[in-house]
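Peer 1: Since the structure of chain U is already known, use the hints to place chain F on it.
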Amino acid sequence: MNDQQIIALWESGQRERAFNEIVRNYSERLYWHVRRFVCSHEDADDLVQEIFIKIWGALPTFRGDAQLFTWLYRIATNETLNFLRKQKVRASLRFQSLDDELERKIDEDPYFNGTEAQRLLSKAILKLPDKQRVVFSLRYYEDMKYEDIAEITGTSVGALKASYHIAYEKLKAEFQDLV
Amino acid sequence: MNEKQFHTVPEGYFEGLQARLSAIPQQQETVTRWVRFRPYLAMAAAFAAMVVGGTALLRQTAQPASGLTYDDLMGYAQLIPTTNPYMIYDEEYMGEEEAYTEEDIINYLIETGVSLELVAYEANR
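In the order they appear, the protein sequences are chains U and F. Sequential numbering from 1 applies to the first sequence in the numbering used here. Sequential numbering from 180 applies to the second sequence in the numbering used here.
Treat the hints as calculated values from the structure; they're not laboratory data. Given the structure is predicted, the values throughout are model-derived calculations rather than measurements. The C-beta atom is built at its ideal place from N, Cα and C for all residues, glycine as well. Honestly, I wouldn't trust all of these hints.
Said to hold, decoys possible - Facing chain F, according to a computed beta carbon distance under 8 Å, are these residues of chain U, among others:
{"#": "1", "residue": "Asn20"}
{"#": "2", "residue": "Val23"}
{"#": "3", "residue": "Ser27"}
{"#": "4", "residue": "Glu28"}
{"#": "5", "residue": "Tyr31"}
{"#": "6", "residue": "Ile53"}
{"#": "7", "residue": "Trp56"}
{"#": "8", "residue": "Phe69"}
{"#": "9", "residue": "Phe112"}
{"#": "10", "residue": "Asn113"}
{"#": "11", "residue": "Met144"}
{"#": "12", "residue": "Tyr146"}
Unchecked claim - Part of the chain F face toward chain U, derived, beta carbon under 8 Å:
{"#": "13", "residue": "Val188"}
{"#": "14", "residue": "Gln197"}
{"#": "15", "residue": "Thr209"}
{"#": "16", "residue": "Thr291"}
The shape of chain U in the complex, shown without the other chains (with noise of 0.2 Å):
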């Protein structure tokens, strides 16, 4: 079913299902965006249930103008910023740094079956600007256009092609240092 059908489904009374329908294409489309930044399975996890309740009590005020899915991206990708902004938070209570913690994370994470060039590749996506990392990832490992990046992120084309073009060479620049 495609996002128009789901909105006339939702439109038509029929919410759960439709609510199904969002979970059926979406659940694992999120999982794996969210998983990119919060970097643990565990976390990914929690963080998904969190996003689609905030979806569901959200639905109501969907309005057809946007689209459905970059709509909720937006969801799942403000959801995943604030978390991480509350776990920065709370590492800086216990004299810690989030980056260390999201690195000691990926390397002793026992869900990656990658090389250690991709090893090295997401630790070096951690020291991006939250904006650059959205932009990157969405890009990079979803293959998104710009125009659909744009909805999510509330930012012109211009500006995230910009951005994507900074995190590029900061990325080259760090892989070339750590490699």
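Peer 2: For chain F alone, coordinates are given in the frame of chain U:
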């Protein structure tokens, strides 16, 4: 899995995740119902607290200051003459002791079998 995907998940994870996420509407309905009824429940609890507190307060203040029990009060009530209840306010009547004559005392002693010496002693006292 594409080349950019270098993480795995536990086996059967996404099936379980979908089942959990699909249960959100029912769970949230329960939460919403609870939230909707919470003000009414709070009002009912406040009312019950007022009733219990008020009853306790009334019981406290309705008890006699002297600390007499219900049974004590009933006992005193039985002493009140029913023919003339206002008699209880007559201090002279309530305080009046029955007057006995010397002869009454001697007759009482003789009837109860007290020795003659004692009766004589009482009579000459």
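Peer 1: For each hint, tell me whether it holds in the structure or not.
Peer 2: How the hints compare with the structure:
no.: 1; hint: Asn20; result: holds, 5 Å
no.: 2; hint: Val23; result: holds, 4 Å
no.: 3; hint: Ser27; result: holds, 6 Å
no.: 4; hint: Glu28; result: holds, 5 Å
no.: 5; hint: Tyr31; result: holds, 7 Å
no.: 6; hint: Ile53; result: holds, 6 Å
no.: 7; hint: Trp56; result: holds, 5 Å
no.: 8; hint: Phe69; result: violated, 16 Å
no.: 9; hint: Phe112; result: holds, 6 Å
no.: 10; hint: Asn113; result: holds, 5 Å
no.: 11; hint: Met144; result: violated, 13 Å
no.: 12; hint: Tyr146; result: violated, 18 Å
no.: 13; hint: Val188; result: holds, 6 Å
no.: 14; hint: Gln197; result: holds, 5 Å
no.: 15; hint: Thr209; result: violated, 13 Å
no.: 16; hint: Thr291; result: violated, 96 Å
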